[in-house]
Amino acid sequence: MKGALYLAWRYLGYHRAKTLILTASITLIIFLPVGLRVLVRQSQEQLTARAEATPLLVGARGSPLELVLNSLYFESDVPATMSFGEMGRIEATGYALPIPVYVRFTARGYPIVGTTLDYFEFRRLRIAEGANLLMLGDAVLGARVADELGVGPGESVISSPESVFDIAGTYPLNMRIAGVLEYSGSPDDNAIFVDLKTTWVIEGIVHGHQELSGSGAAGLILRSDTANVVANAAVVQYQEITTDNLGTFHFHGDQGEYPITAVIAVPPDQRSESLLRGRFESPDEPMQIVRPIDVMDELLETVLTVEAFVIAVVVVVGLSTLATAVLVFMLSLRLRRREIDTMRKIGAARRNIGAVMASEVMAVLVAGVTLAAILTGLTSRFGSDIIRSLL
Amino acid sequence: MMVSGRSSTSRCWRNDVCDRDVASDRRDGPPVIEVQDLDFSYAEGDFVLRIPRLAIERGSTVAMVGPSGCGKTTLLNLVAGITLPRGGVVTTNDVEISAMTDQARRDFRIRNIGLVFQEFELLEYLNVLDNILLPYRINSALKLTMLVRDRARELAQEVGVADKLDRPPDKLSQGEKQRVAVCRALLTEPVLLLADEPTGNLDPGNKGRVMDILFDYAKRSGATLVTITHDLDLMDRFSRVVDFRQFHAQDE
Chain D
80 MKGALYLAWR YLGYHRAKTL ILTASITLII FLPVGLRVLV RQSQEQLTAR
130 AEATPLLVGA RGSPLELVLN SLYFESDVPA TMSFGEMGRI EATGYALPIP
180 VYVRFTARGY PIVGTTLDYF EFRRLRIAEG ANLLMLGDAV LGARVADELG
230 VGPGESVISS PESVFDIAGT YPLNMRIAGV LEYSGSPDDN AIFVDLKTTW
280 VIEGIVHGHQ ELSGSGAAGL ILRSDTANVV ANAAVVQYQE ITTDNLGTFH
330 FHGDQGEYPI TAVIAVPPDQ RSESLLRGRF ESPDEPMQIV RPIDVMDELL
380 ETVLTVEAFV IAVVVVVGLS TLATAVLVFM LSLRLRRREI DTMRKIGAAR
430 RNIGAVMASE VMAVLVAGVT LAAILTGLTS RFGSDIIRSL L
Chain F
9 MMVSGRSSTS RCWRNDVCDR DVASDRRDGP PVIEVQDLDF SYAEGDFVLR
59 IPRLAIERGS TVAMVGPSGC GKTTLLNLVA GITLPRGGVV TTNDVEISAM
109 TDQARRDFRI RNIGLVFQEF ELLEYLNVLD NILLPYRINS ALKLTMLVRD
159 RARELAQEVG VADKLDRPPD KLSQGEKQRV AVCRALLTEP VLLLADEPTG
209 NLDPGNKGRV MDILFDYAKR SGATLVTITH DLDLMDRFSR VVDFRQFHAQ
259 DE
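These protein sequences, in sequence, are chains D and F. Each number in the numbering used here corresponds to the 1-based position in the first sequence with 79 added. Each number in the numbering used here corresponds to the 1-based position in the second sequence with 8 added.
Next up, chain F with everything else stripped away, as it sits in the complex (with noise of 0.2 Å):
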């Protein structure tokens, strides 16, 4: 299984990023995830999560581990941009993600950031090939051209639901639903692949094919693929591990 990331030698189908960094590049520099002195809490409820400071390097393969609501999903949202904290900062690629407006966040994300998700996310009422060019339609940031649909069928083919194009989601497996969800996610090319317990709903057999994509393309292209799983048996496969346990997380 081979998920081709950007190079210098691929084609280019976003031209804002198609005469800049190179695998290569990507791992050099500061850390692709900074958080310092984070504070966040909920505006109703009593959870609070408090980092005094973390940093993932560029190019590295991270999982999250932890309890469940000790704030692994919380954090990604914050790295994304999704949700903003009370206090600190949190720096994504180089840019100060909680202090930009929502709609710089919103393009910020679909440009650089892949989002991966346990339930697929697949709308209902597209077919498999909309489904992946959904980053297209929904923010004018991204030009669909003949470029990014021939890549949307790449990569279909590469992880096997090439022939599936013209499917509606109810018609495909868990696993095949999820792996169209990780063409959705790599179609933009992130610099950063955010992936929120992508097996926790497979079968073992489509967990490891599944992971293997996302590896893939993490190693191909140079990006950061930051996961959070409860999957022990994946933990060797990632160049870190971060346990949340480490941090300030519960219900005050």
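Just chain D, same shape as in the assembly (with noise of 0.2 Å):
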């Protein structure tokens, strides 16, 4: 057996090229199934568990899908928008903790969440580096956003104008660092969180500029009346906030009629959350209210259908792959022949030619199964990771 295995040993070795040919398909008929599901149930783990985490959801009618991700994973398009008003309806109830969502800008690639202390208390967010929010116009970073801009408390991130052509757009609202948060795991270190009077700033609802008052801006004034002031283009608006210029910052129009993509309703007991979706779910409120976790089970019932069709479309392959190999290793049998024919002369015992053969078969197989195993515990160790990399 011994000599089997050494004979087995040198032919694979001589064969460097086949072997590894051989060992790599091996290893990814085994892994592709194997890692892929590993991957999908650790990517529907995190994606349950942040659901899980968020009883409800408000927002304007539309999409639940659109409302949850772009809510809860600060991903998608920005879903239709509902009026600032609505959380105080929420509130009135007393059903519920309401915690406003505004996730609409984005500084640098990443999303800018608008909200109020509450969200950190609800997702138990701890801040790592400076300080939580304390004024208008303050940012604290998720850990990955300050690690990725190498940025932190005291320095500043400046918001991304949503289309470089909008000319009449509001201008990027340089945002001071306040603090960074600790690592969670979580869609939280990819974001920047701001007040949601931040986000208003950003969005041009709210804004600062010089006096109009003083004598200095009479040159400025096109027309002014008892209720409104109209200035030229030449009024300084201000693209930072500090404690100088803050108290000119000011609301124009209604604030419950500002915009917000969603509450987050945290209902103390089951009663109140039945009772508060039984208010929103009348076929003329213009709300919908969903509980995260019903959608993404829907959504993951979608991506398991596609996960098994997937997999079953690999496994296919992976038997063509493994019919393939085992033509090879037939063909590999004909051309050697001659070999296994001198052997047979020289005085080789039946078993002895039958054992290098098998040897070279088990070499491969294992070293296929091996490097799989190696892959799956790396995928299974690391796949987190990797997703939330993704997310």
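Careful, some of the hints might be misleading.
Stated by the list, open to error - Result set (BS3-like, lysine-lysine): computed pairs, CA atoms no more than 27 Å apart in a straight line:
{"id": "1", "chain 1": "F", "residue 1": "Lys-172", "chain 2": "F", "residue 2": "Lys-215"}
{"id": "2", "chain 1": "F", "residue 1": "Lys-215", "chain 2": "F", "residue 2": "Lys-179"}
{"id": "3", "chain 1": "F", "residue 1": "Lys-172", "chain 2": "D", "residue 2": "Lys-81"}
{"id": "4", "chain 1": "D", "residue 1": "Lys-97", "chain 2": "F", "residue 2": "Lys-215"}
{"id": "5", "chain 1": "D", "residue 1": "Lys-97", "chain 2": "D", "residue 2": "Lys-81"}
{"id": "6", "chain 1": "F", "residue 1": "Lys-151", "chain 2": "F", "residue 2": "Lys-172"}
{"id": "7", "chain 1": "D", "residue 1": "Lys-81", "chain 2": "F", "residue 2": "Lys-151"}
{"id": "8", "chain 1": "F", "residue 1": "Lys-227", "chain 2": "F", "residue 2": "Lys-215"}
As the list claims (entries may be wrong) - Simulated coverage check for chain F against chain D, where a stretch passes if three residues somewhere in it have a Cβ under 8 Å from a Cβ of chain D:
{"id": "9", "stretch": "103 to 117"}
{"id": "10", "stretch": "126 to 138"}
{"id": "11", "stretch": "148 to 156"}
I should point out that these hints are in silico values taken from the structure, not numbers from a laboratory. Note that the Cβ used here is the ideal one computed from N, Cα and C, for glycine as well.
Given two chains presented individually in distinct reference frames, assemble the corresponding complex, making use of the accompanying hints.
Dropping the structure here:
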């Protein structure tokens, strides 16, 4: 047996390329379906965990999936907005703690999440460096954002314009970084948090500019009456909120009409949750209330169907590859007919020749299975990190 | 060129034979090959070989000559137990090899017979040393010990390939390949050497060298050397020449 193993080893070593290709094929045949399953399970767990931790979500009528993906994972397109006043409606029921979320803008590719301090408490987010949001224009960075941008408290990030072609749009806002969050292993690591009102400043519906009532601004005023002052474009708009200019920032119109994308509703108990859902389930209701876990389960059901299909395809491809590998082996046996014949003539025992061939097949199989197991282990260990970085 | 054979004073690397015969003993007794009423044909084709009687004495050196297709290689295969006759008896080294089981014939062959082929038949994925040691890796009837390894190195030294032990066969000349193949055949200390046109692919210089090695071994160990050859220059060196035209071998 030792001799057979040695000959098999030498044969495989001599035909390295063939051995590597066969081993890689076996590895992939095993790893692809198993690794895919591991990844899907982990992403499923991550998505589900976030959704499970968010009891209810209220938003404007539209796609529930878009609402959930935008509000929980800061992904997807911006859903239809709802008015900030709707939050008061939820609060007035007394059935849940409402936490507003406005996820529309970005800064250097990272989503800006306008919310209140309740959000941090609800998600159990802790400040690792600096302080929490203190004043208008402050930003708290998710851990990964701070890492990837290489910035920290005292520095700043600038909001990105929604469209570079929107010349009538508002100027980007330079936001002071007040603090950085601890790693949470959630989409919060990839977000920039600001006060809700700061997102309205970014949108331009809250703004600050140079004083128009003084004598120095006389040349800037086009028209004024008791209610409004109309100035020309030479008025200096503030692009950064400081303690000096904070007082100049002001709201126009009814704050209750200002936009947000969703309200996270946190009911204290099951009863409150049911009652609150009842309030928003009328056919005439312009809002929708969803349980994120239901939406994600529906999505995952689709994902799992796709996964089953993909795995079926991979298994079919794998079996074809396996058949090819068997064919390669059979053909190599034909090519080795002369070698086998020589061994037989010299006096090789039939079982020894069989053992040489079997050892070669087993060595390739064992190497393939071992590599597949290692890759699966690595996927299992680092898969969640990969998924998180992709989310 | 000296190729040492088994002698009463030589080191023993095969425990199963070390206490047995010496060169002189081998020349005594019944013929090492005895063929009686042989009748052979292949399952397909019309080739038939019939030999009423043929005996080859121990310690002799025999050349088998005759035109291609007259059954020389077939007879070597029958003597070695690689193929079986349809009728008749083939006795090799006192054993009726044609009556043995397949496994017993393989075990017998690897212990008693050294085979040398025209095409060398070295394994491309083994280096020279491993090719020489091949018989010890393919049948557990032989045990690969340090003594055997030393013997392989000695043989390589004697045939002039000691400095090429780590090389693969494709890095050797034709003559070197055949010398390695001869080492492989001699390593088990066979009582019978069957060589099928061992010089057929060699230039004159290497031809003489390879035959020297085979004759030296046969002389020193008392082994019998049976060689198929078409080379008339070599005939004088053999103690006997068997002309196959006397046998009934034809396409019927």
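Evaluated hints:
no.	hint	result
1	F:Lys-172 x F:Lys-215	holds, 20 Å
2	F:Lys-215 x F:Lys-179	holds, 19 Å
3	F:Lys-172 x D:Lys-81	holds, 25 Å
4	D:Lys-97 x F:Lys-215	violated, 37 Å
5	D:Lys-97 x D:Lys-81	holds, 23 Å
6	F:Lys-151 x F:Lys-172	holds, 24 Å
7	D:Lys-81 x F:Lys-151	holds, 11 Å
8	F:Lys-227 x F:Lys-215	holds, 18 Å
9	103 to 117	holds (count 6)
10	126 to 138	holds (count 6)
11	148 to 156	holds (count 3)
In summary, the one numbered hint that this structure violates is 4.
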